[in-house]
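Student: Protein sequences, first through last, are from chains B and A.
Under numbering that gives the first Met the number 0, residues 0 to 64 are what the first sequence spells out, in order.
Under numbering that gives the first Met the number 0, residues 0 to 127 are what the second sequence spells out, in order.
Each hint should be verified, as a subset may be incorrect.
As the list claims (entries may be wrong) - Below, simulated DSS-like cross-link-like pairs (lysine-lysine); rule was C-alpha separation at most 30 Å, straight line: (1) B:Lys7 / A:Lys104; (2) A:Lys61 / A:Lys72; (3) B:Lys7 / B:Lys27; (4) B:Lys27 / A:Lys72; (5) A:Lys20 / A:Lys72; (6) A:Lys72 / B:Lys23; (7) A:Lys72 / A:Lys98; (8) B:Lys7 / B:Lys23; (9) A:Lys72 / A:Lys104.
Treat the hints as calculated values from the structure; they're not laboratory data.
Quick caveat, the model's predicted, so the values are computed rather than measured.
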Amino acid sequence: MGVDLIFKIAGIGIITAVLHSILKEFGKEEMAHLITLAGVAVCLLMVIGLLADLFERIRVIFQLH
Amino acid sequence: MEILQIVGIGVIATLLLIVVKQHKPEISIQLSIAAGVVIFLLMLGRISSIIQILEELSRRAKIDNLYLTTILKIVGISYIGEFGAQICRDAGEGAVGAKVEFAAKILVLVVALPIIAALLETIIRLLP
């Protein structure tokens with residue numbers, strides 16, 4: 000279930016890279032930076048959920064309180 | 000053959016990382032975190048069965064449950080600490096990673112301290 004997340008994040012990275020270079024060509028520097036920020040935020044939302052899942056499971060298995 | 004799955008995930012994640020890293024290093028870090036978490040989640044079921052067997056063995060050998068839970072806690076703390084430190088070091092922040100490792104060592108020591116105290120008490124009782 001997590002494997003498609005890897006592809007999603009890689010896709011977001013490639014798409015933001017392409018959009019960044021296109022917007023830079025058009026001279027919209029600040030829009031390009033916003034695109035990068037949005038990509039990082041979306042990836043972070045997905046990765047944070049995955050990390051929370053991992054920490055919860057480790058806490059249950061290794062009996063950490 | 001689960002190892003084929005794991006190796007496949009690792010190789011594909013590495014190839015994607017190389018592509019993404021050239022243009023967007025900040026997203027490549029998140030990609031490597033996701034790959035690490037996915038591989039560990041795949042192994043978590045096996046780890047829990049190993050721990051069940053260990054608990055069964057310790058119950059049969061009539062070992063105090065405190066010792067096994069302490070060992071499990073130490074393994075969990077050190078794994079999480081190592082995971083976080085490696086992520087920091089991958090991102091080029093070796094100093095933060097070293098601090099995370101330091102905190103993990105201190106926390107492991109805190110968990111192990113009751114056992115050390117019990118051992119010392121036993122030695123003192125043995126001495127005339």
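Student: Are the hints correct? Go through all of them and say.
Tutor: Verification of the supplied hints:
1. B:Lys7 / A:Lys104: Roughly 35 Å between the alpha carbons, so the hint for B:Lys7 and A:Lys104 is violated.
2. A:Lys61 / A:Lys72: holds, 20 Å
3. B:Lys7 / B:Lys27: holds, 26 Å
4. B:Lys27 / A:Lys72: violated, 52 Å
5. A:Lys20 / A:Lys72: It is violated: about 35 Å lies between the C-alpha atoms, which goes past 30 Å.
6. A:Lys72 / B:Lys23: Not satisfied, since the Cα-Cα distance of roughly 50 Å exceeds 30 Å.
7. A:Lys72 / A:Lys98: Holds. A:Lys72 to A:Lys98 sits at ~20 Å (cutoff 30 Å).
8. B:Lys7 / B:Lys23: Given pair B:Lys7, B:Lys23 holds - Cα atoms ~24 Å apart, limit 30 Å.
9. A:Lys72 / A:Lys104: holds, 12 Å
The structure fails to meet hints 1, 4, 5, 6 from the earlier list, while all remaining hints are met.
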